[in-house]
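**Student:** All chains should be modelled from the sequences, with the hints used to inform the complete structure.
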Amino acid sequence: MRQKAETSSGGINFDRLQKILAIYLLICFTLFLITCHKPPIAKYQLLSESSQRILSVTEETYLRIAKLQHQFTVTTADRDKPITRDTFKPIIDGQSFDLLPELRFRETAIEVLVNYFRVLQALAERDFVSEVNPAAEKLAGSLKSLTESSARLNRPVTKQGTGLLASGANAIGRSLVHKKRIKALKSVMDSSQVDLVQLAELINSTNEKIKRFVDLMLDRIIAHANVARPDYDSPQRFAFDLRIADTINEGENINRTLDKLSQAINEIPPAHAAVRKMLDKKPETWATLQQLTKDINQISKSYR
Amino acid sequence: MSYELAEKMEGLKSRLDLIITGQADKNKKDTLIALQDRLTKLTLVAIVQELQTERAEYQAAIKGLNEAIEYIDKVPGKLSHFTKGIRMVTQAVQLTEKVVKSVAPV
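Residue numbers (numbering that gives the first Met the number 0), protein chains in the order written: chain P, 0 to 303; chain R, 0 to 105.
Fair warning: there could be bad hints in the mix.
BS3-like, lysine-lysine: derived pairs with alpha carbons at most 30 Å apart [as the list claims (entries may be wrong)]:
no., chain 1, residue 1, chain 2, residue 2
1, R, 83, R, 73
2, R, 7, P, 88
3, R, 28, P, 66
The hints are simulated quantities; they were obtained by calculation from the structure and are not laboratory data.
**Tutor:** Okay, structure coming up:
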């Protein structure tokens, strides 16, 4: 009698169909669990925070360079000519040696770097599953309804079977968004790696030039200080020396910080590459990211 | 002015340092210091110009990153295709259910 019911609808065996569907969804769910390499959210957060820290220390360093440049232009202004509006401007023979536009330009470049890591972090963290869930839940509901309807053809559907179908549907939804997210992260990180390496090299090269710029200014400030230095017995001597000592200390501190910034920015491309590799497999070592953390901690202590 | 030229000017400035050190006449010393200032400023001009030439390379790297940012911004939009796909499967299931109901005993 049951056999008759099972095959009564044009030869379709609904009991068998239900089992096949359940097994298929179970396989999908298992595959999802096996291949579920979640994006390493904490590592994306580390990259984002590191780039933000690099930017904030860079901004502070550039501000200090601007002040030093101002001091330099005042110190080396023509002493024999009357003061005009141009006397203290960073110009020689009609040519500008103003470093500030270049500093601002590089600040903008680092801002792009920060923005890149911020959106990357947002993509890794975003709860896409909850966004796709309503559609997946509706599918699960329909599957449950289908199972119950088909069960009426032969025997009552078990709760276990219904639950399996529902969770299978949800798993497909999650699997789809998960794969899409991982694919997007891989694609964008692969294509950005070269640009990150290039940007790090450029910032390093820039920092070397800025260091020379700072050294040259500092040397001239010291040379002028030696000419204008009050006599040993003069009451102004101590205050003068103290001011010059602060300036020397500031210039040296700027250059040390530029070195630290270069070191930290050098760690960004390998750290980015390491996080990218994590999307394929669990890494054997965290050395690259640990080094980045160490370097970022170092630059955070600048100017203290 | 090239960066190499800037390096040569720095070399010249170093030689001037030696002359100033041995110079006792204050006026001559002042003149030499003013000359050194001038050389330094011209060297700074060379450094700034060198930094300006790097801008194109920076822009190339930034362009790549900006494209990456744009790509990431579009990902949520692409996700809606999957939601549509799930909806289509749901419709297919609902249609199948109708067929099943039509043949199932009441």
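**Student:** Determine for every hint whether it applies to the structure shown.
**Tutor:** How the hints compare with the structure:
1. R:83 / R:73: The hint holds at about 16 Å.
2. R:7 / P:88: Holds, at roughly 25 Å.
3. R:28 / P:66: Holds, at roughly 28 Å.
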